[in-house]
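Asks: Residue 150 in the working numbering is what sits at position 150 of the sequence shown, and the numbering runs on without skipping anything.
It is worth saying that the hints were derived from the structure and are not from the lab. For every residue, glycine included, the Cβ atom is placed at its ideal position computed from N, Cα and C.
With a straight-line cut-off of 25 Å between C-alpha atoms, the simulated SDA-like cross-links for lysine to any residue are: (1) 56 x 73; (2) 97 x 116; (3) 56 x 189; (4) 97 x 208; (5) 97 x 152; (6) 59 x 69; (7) 56 x 33; (8) 56 x 72; (9) 97 x 156; (10) 56 x 23; (11) 59 x 73; (12) 56 x 32; (13) 97 x 83; (14) 59 x 31; (15) 97 x 153; (16) 59 x 74; (17) 56 x 26; (18) 56 x 136; (19) 97 x 203; (20) 97 x 206; (21) 97 x 177; (22) 97 x 4; (23) 56 x 137; (24) 97 x 112; (25) 59 x 33; (26) 59 x 41; (27) 97 x 2.
Now the in silico label distances, taken between C-beta atoms and shown as ranges: (28) 122 x 159: 22 to 32 Å; (29) 91 x 62: 43 to 53 Å; (30) 152 x 94: 19 to 29 Å; (31) 152 x 2: 12 to 22 Å; (32) 62 x 99: 40 to 50 Å; (33) 125 x 81: 13 to 23 Å; (34) 154 x 30: 39 to 49 Å; (35) 158 x 94: 24 to 34 Å; (36) 158 x 19: 30 to 40 Å; (37) 98 x 65: 37 to 47 Å.
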Amino acid sequence: MTYRAVLFDLDGTLVDSVADIAEALNELLVSEGRDPYPLAAVKRMVGEGVVRLMEKAFKETTGAAERAERFMDIYTPRSTRLTVPVEGAFAALDHFKDRGIPLAICTNKPDDAAREVLEGLGLLPYFREVIGGTSGLPRKPDPAILIEAARRLGAEPAQTLMVGDSLPDVAAARAAGMAVVVVDSGYGEIEARDLGADSILETLAALPGHRSSATA
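With the hints as extra help, turn the sequences into a complete structure.
Replies: What follows is the structure in structure tokens.
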């Protein structure tokens with residue numbers, strides 16, 4: 001299959017960001033007299049957007065939107081302090097760049113926060129589009145941001161590959177009519193092998209060798 005565009009999720013797929021997310025979340029929890037979570041537990045909560053993260057962490061829906069704003073105030077200034085690109089990120093992106101295949105980020109993270117992380121890690125120049133959770137479009141698993149990203153990149157959904165790591169990525173890609181591969185990052189509540197993706201990558205470093213990703 002020849003793909004004309006490739007879309008990437010951000011947290012857990014392209015960057016390992018859980019340490020910064022966990023520090024900000026636990027600071028918020030402690031400020032309300034709640035117990036902090038270990039890193040592994042936070043890793044399982046990430047992927048469905050900030051409001052949903054608040055609902056999971058506090059185990060209630062009341063006040064989630066207000067907590068999400070407070071969380072972002074804590075998180076944004078430190079969003080690249082401990083966050084790093086995942087193994088093979090630059091090699092994978094260079095692979096597509098060298099072949100002239102346009103790329104986009106499709107994330108449930110707020111748009112500005114996503115761009116800040118990408119810019120801080122030197123990843124932003126690779127992406128023609130960044131569409132996130134504050135774009136005005138429904139968040140994943142709704143397929144809207146994937147379909148819009150493909151449109152902006154000049155590709156039909158059937159010509160587009162989605163690269164993610166959790167259920168919202170796979171569900172959105174399936175609903176959009178796109179092929180999808182996942183990185184086994186440990187983010188999200190469901191094991192990579194149970195997500196129903198077309199392929200599973202041990203690390204993003206394996207993406208350039210993926211049989212469907214090497215053509216232009």
